[in-house]
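Going line by line, the protein sequences match chains L and E. Taking the numbering used here, I'd label the letters of the first sequence as residues 99 to 321. Taking the numbering used here, I'd label the letters of the second sequence as residues 246 to 450.
Hints in this document: simulated from the structure, not taken from any laboratory. Hints may be right or wrong, so weigh each one.
[Unchecked claim] Quick list of in silico lysine to aspartate or glutamate cross-link-like pairs, DMTMM-like style, CA-CA up to 20 Å:
1) E:LYS330 / L:GLU137
2) E:LYS362 / L:GLU100
3) E:LYS330 / L:GLU119
4) L:LYS300 / L:ASP272
5) E:LYS330 / L:GLU100
6) E:LYS346 / E:ASP433
7) L:LYS277 / E:ASP403
[Claimed, not checked] Covered by chain E, according to a simulated footprint, are these stretches of chain L (three or more residues, beta-carbon under 8 Å):
8) 225 to 233
9) 260 to 272
10) 286 to 294
[Claimed, not checked] A short, non-exhaustive set of chain E residues, derived as facing chain L with CB atoms under 7 Å:
11) LYS369
12) PRO436
13) ARG440
14) GLN444
15) ILE447
Note that CB positions come from ideal geometry on N, CA and C, so glycine has one too.
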Amino acid sequence: MESLEQIKSRIEAAVPGAKTEIVQNGSPAQQHSLLIDNEHAVAIARFLRVDPAMCLDFCSNVTGVDWLDRVVKKTTKVKKLVDGQEKEVAETTEERIPGYLEAVYHLYSMTHKHGPVIVRMRTTDRAGGASLPSLMPVWRSAEFQEREIFDLYGIHFDGHPDMRRILMWDEFEDYPMRKDYREPDDYEWEPTPHDAVLEKAKQHYAPRPECDGAEAIVEPLKD
Amino acid sequence: MSQIDDELRTELQRQGVWVTSIQELYNWGRRNSIWPLQFGLACCAIEMIATAASRYDIARFGGEVFRPSPRQADLMIVAGTVTKKMAPQIVRLFNQMADPKYVIAMGACAISGGPFKQGYNVLKGIDRYIPVDVYIPGCPPRPEALLHAFMELQSKIDEQKLTGTDKAEFLNPDQPSEFPVPRFGRHDLEPPANRDVFQPPIIER
């Protein structure tokens, strides 16, 4: 199979105006992926599918990723006048990168028996109506998986013929796989809680005013 | 109904005189033909199927007639994980069963949510909405455990009285035999539990 750089340059040659970017994966897996722009996503996907050298005819997996807002600190060296002398001073600037949602497609070729090529798309923000183009017209197998992403991450896929929730009920309003999701509190009966569940179960414990705060009292060590 | 003394009855039986009561006959008939509702929810259902098959053979206890209709079933074996999306259907099926009706909560999931207890989408025990007669722990419970639960249920049926102040609950016209079906809410099922059925003890630290 061609390298990701070759694929990227061939996409850009074949689909005019397409913007792609290689997303490095620093982990031992070294599975780098290709970030494609939403505007040309369907054209790029169709190219990947029909191109005789690539022939990625099998979309094995589609999933979502939730990236929260993050703050990146950058240290730059700036020349400044300190006490009349010019000195190099390190200056840190904070940059706030707004969060976004991602859809990740794992593509294989049944014909050439190669893959995976990992393709990503990003939404502009994490709002409720965040949308991406659907790749279901290219790979039919994406139908249910895009519905699942819509259900759990809240990405709306434009061009999908049946954009409904697939696992949760239709009246449900949350997106459970988002990192800021909080599940409903039904921890009133936890006979053996531990860790995170213990913290939730504590909210339902019977109050013991005579003992409250007793845990904080530490007996002084005797010599 | 006059009750015959148990000792006298045993003594009479020893002498070759067979005396019984309507209650005894009635319960004998009921406990030896418990027809379960035919449905499974997850892997516990596989064990339930194994229990019904020839190796474990639930027919020895009169429970082999799995009915596909709640109208004909006496027993609901909640075999598997009850998701919140499935819970209203389970309650509705139980409501459609005719009295007397019984529930076996089979496996960790049906009891408490089991390994999925911390999930947002799994009901933390079917006893939040319907009364459970026998709980079987296990993940999944072995067929022997289901048979044991079945026998426990049989002895429970055997002890039910038809008359008197301590008669069986299903004979009491005031006793509810239908339970409110939870609705799909915006964040959770509404209500999250039926407080008339589900009254967990308040845990002290």
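Next item on the list: Could you tell me which of the hints above the structure violates, numbers in ascending order?
Entry: 1, 2, 3, 4, 5, 6, 7, 8, 12, 13, 14
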